[in-house]
Amino acid sequence: MANSHVAVAEQFDDMPQQQEASTLGMWTFLATEVLFFGGMFMAYIIYRNLYPHAFAAASGHTILLYGTINTGILLTSSLTMAMAVYAAQQSNQKWVVRYLLLTIFLGCCFLVIKGFEYHDDLKEHLWPGPNFKQGLPVQAQIFWVLYWAMTGLHALHVTVGLGLLSVLAWLARHGKFSEHYNTPVEVSGLYWHFVDIVWIFLYPLLYLINRY
Amino acid sequence: MKSHSLGPKTYVIIWSALMLLLFLTWGIAQINLGPLNVVAALTVAVTKMLLVILYFMHVRSSSRLTWLFVAAGFIWLLIMIDLTLSDYLTRGIVR
Amino acid sequence: MNTLVDSPAILDESPLKTAEPPNYLQEGGSTLKSWLLTTDHKRIGILYLYSIIFFFLIAAVAAALMRMELITPPGDMVSSEMYNRLFTIHGVLMVWFFLIPSIPATLGNFVIPMMIGARDVSFPKLNLLSWYLFIAGGLFALGAILFGGVDTGWTFYTPFSSAYSNTHVVAMATGVFIAGFGSILTGLNFIVTIHKMRCPGLTWFRLPLFIWSLYATSIILVLATPVLAITLALMALERIWGLGIFDPKLGGDPVLFQHLFWFYSHPAVYIMILPGMAVVSETITCFSRKQIFGYHFVAFASVAIAILGFVAWGHHMFVSSQSIYAGMVFSMTSFLVSVPSAVKVFNWTMTLHRGSITFHTPMLYALGFIGLFTVGGLTGLFVATLPVDVHLTDTYFVVAHFHYIMVGGMVTAFMGGLHYWWPKISGRMYPEKLGQLAALVMYIGFNLTFFPQFIMGYLGMPRRYHAYPEEFQIYHVLSSAGASILGAAYLLPFIYLLWSLKHGKKAPANPWQATGLEWQTPSPPPQHNFRNTPVVDRGPYDYSPEKSEEEVIYGQ
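Protein chains in written order, with this note's numbering: chain A, 1 to 212; chain B, 213 to 307; chain C, 308 to 863.
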């Protein structure tokens, strides 16, 4: 049943202080993540500005179907994550677990599709280097470096998120969360939504440059 | 100040808006609007981001301190992008 | 007074039983495990203290070897390849494994919670993780050094680092990446702690300026370091897999690396100086027995430095082929960022004015800081002036400029802070006369080392060269002589501080009669800092003329 007496960590005076500190801590961490991904967005902006045609040509070889479906998957996973937080605040243990598991499932779908996509990309020789696909301008390789680096880092963050959510689901299963204590769910939700937002920008920048 | 979760109905509405925007951005990309393609794509992306931040991440009902922290991350990113672009966009300008 | 001793039933009552309650050094155990698994911010501060001293020593040895080579014009002691490795090791270790963590992770960790009346930081376990990340990063860096070193300079410029260097660049970059992540978490911890853990009554404008400066430092740590991380990662990607975005053969721009690198590394220098300024604000007020002049200005100046420091990075790239117009903008912003620093120097000076000054060791270091930082800062304006920098870039003038700030400023302040809070940390007083001697010798040795470098830099002596024309020898000899004096001056505190741990006079709770919550608790403090949460009802630096009459206790 819902555990309404969670001990406050000894450095804090009371639960509200602990919760506010946790939330502020996660937002601070997300700010660092914005700058972390931001460095690559910076490089993307510069090079797209310098080589618009090469970038357009390169982007044409991304697999639009996979990218679009994955965007839909992640957006939906944000919905299920938000619902998990809501369920926790309603002390609805059963649905906390279900929504978390749903989110994890959707995250896994994302990674599986990404896996197929990477496989197809490699088959097309879209890995920069001496064996890079022929017929594209040389600067297209820069686009593809950014593609691998940005989607790779993003996928890494998705994987970490899945680990985080799995731990949460296990804790939820053991009745840890309720209306009195659900900050870990909320704070993990913030992380997950951030991962979604990164993809919201990756999608148009990588897949939609030149589809006409 | 604890930010309160919104109800399921709100979340589903936001989700629907997000899916609509996804369809929109995919659709616009099929049409040649020249330089406007980028503008449209980024506008949609920013809108989606704002919906996620304000509603899914509860920032709409969060404290001003949270707003400040959210803003700080983006402002700093903008600083980096703007000043670096100021180099690239002004290279080769000959008076 | 213990009446129990006279009681016949307890004749063998140990006198220690009635002594002070245990402090943080005893509470929680004194085993290695209790230290390595501690979440006590004070113990973590000490773990950092030992770690950064270790790296400082290695980097100092590299510097000593360089200065020995430079005594004679020909490159006769080490090869040029070896010399490249020496200045790279010196730079990487000093910047990331000494200066960046120095005051924040040691003194900051120790003092911040106490200064705000808290029991610990917001995330104690994260704090310990930060230290382990620092150590892990350090191990990678040490590994890189032991297996042959790196020769790219601490700046890792592409394409040399990403495509041509034959040294252990990736290992070193990995070390910096991991340690950098640790520093991000430290900054995060401090930000949340300062926002959320202040004791009742401690409003923002009642905070000691130490807190304001460390808050500003933490902003930079959190927002700048991630960019360094991704930049080094991209450089490593290029090096390992040829995934080059800085590679000119693919249309990549090496200057983009410089933009990304300096976007972090310029604010990083403010990470490295703001904590020093933090210490000075504390010691200047205490040893002038006077309220700080212009508290709000100093507080806002700290934040201004943090913010403005982010828009000046291009002054490292004036000759990189960056657009001349961007160069002009960066030159202007660099001038702008000097203003809040100047405000602080002015305010410290005005604090001294009509103060009741005593020349304890921390005060000597604070005064040294003000003088040396001012010289460093002013010469920063010289190099911020675009046309002048074209002449001075990559010369010893730049080397002298940043050493005046980093060593003359930051290391001096670190020594000052270490001495100031030593009684609190160790429960012992250091020998005051020796402290004063070391501070003076350091000041002399420092100026002898680095002032000649301004002159020879102006005359054209390039940096990172191990061989040079005859006409520069006199300056190099003076500089190397100074370096040996400086080395001795640093060694002295190392010896007497360790000595004081066992033999120093026991310190009272407030040996300096300073204001500030950290002095309202015993030296050393108990594990949870305060028996009862303090309540604050006044601003900081509440030194009054009456209080200045009070005896300030000299150590021994």
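Heads up, a few of these hints could be off.
Said to hold, decoys possible - Among chain A residues calculated to face chain B with C-beta under 8 Å, some are:
(1) Gly-72
(2) Glu-117
(3) Trp-148
(4) Ala-149
(5) Leu-153
(6) His-154
(7) Ile-197
Since the hints were derived computationally from the structure, they do not count as laboratory data. Predicted model, so just to flag it, every value in this text is computed and none were measured. Glycine included, each C-beta is placed from N, C-alpha and C at the ideal position.
Hints versus structure:
1. Gly-72: At 6 Å from the nearest chain B Cβ, A:Gly-72 passes the 8 Å test, so the hint holds.
2. Glu-117: violated, 16 Å
3. Trp-148: Cβ of A:Trp-148 sits 21 Å from chain B, so the hint is violated.
4. Ala-149: With a minimum Cβ separation of about 17 Å from chain B (threshold 8 Å), the hint on A:Ala-149 is violated.
5. Leu-153: violated, 16 Å
6. His-154: Hint violated; A:His-154 Cβ to chain B Cβ min 14 Å, cut 8 Å.
7. Ile-197: With a closest approach of 5 Å, the A:Ile-197 hint holds.
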